[in-house]
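> Sequence:
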Amino acid sequence: MSQVNALLAHMLFSGRPLAENQIAALWRLDFSLREKTFWKMLYESAARADEVLCLNVEDLYPQDKRGKITAKGGATEWIHWQSGTAQLLPRLIARRTRGPLFLTDRKAPAGTATLDVCEETSRARLFYRRGEEIFEESTRLLANPLARPEDVEDLAG
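First residue of the sequence shown? That's 1 in UniProt numbering, and the numbers climb one at a time after it.
Because the hints were derived from the structure by calculation, they are not lab data.
Heads up, some of the hints might be wrong.
With a cut-off of at most 27 Å between alpha-carbon atoms, the simulated DSS-like pairs for lysine-lysine come out as follows [stated by the list, open to error]:
#	residue 1	residue 2
1	K107	K68
2	K107	K36
3	K68	K36
4	K65	K36
5	K72	K36
Work the whole structure out from these sequences, hints included.
In structure tokens, the structure reads:
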């Protein structure tokens, strides 16, 4: 398996690698800024999805293209990303200065832990289960081993 496929297999919650043409098709699709940034960060950093979803705005060092995560086992580590993520992050963060980086589309339900709610928007942190659902719904054709190459090439353009 190529390094590109290994990274995308990591990005895919199911662990199934995509072919190069599927990866190219993924980047051409029209998704929300949140999804584009999340998937690009996963792809470019090779970090675990749950680690990236736990990032807060104040954990980021955009000028250095890196962020501070709490790795499995509780150790503090750094993830590094490339220009694709670096170009998307300022728009995703907007004017927020703290709180969860990746937010849900709705206000946080009552009882949501304070650390998982953005003080500025009242929206909750996006969690793994919902991130996985969104990815699977959005990329169903890309992950279909029976999809014809021309179907994949025709996606979004």
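> Indicate, hint by hint, whether the structure satisfies it.
Evaluation of the provided hints:
Taking the CA atoms of K107 and K68, the gap is about 26 Å. The hint holds against a cut of 27 Å. For a cut-off of 27 Å, the pair hint linking K107 to K36 stands: about 21 Å separates their Cα positions. With a CA separation close to 20 Å, the supplied pair K68 and K36 stays within the 27 Å bound. Simply put, K65 and K36 have alpha-carbon atoms about 16 Å apart, close enough for the 27 Å limit, and the pair holds.
A hinted pair counts as satisfied when its Cα atoms are at most 27 Å apart, and K72 with K36 qualifies at roughly 25 Å.
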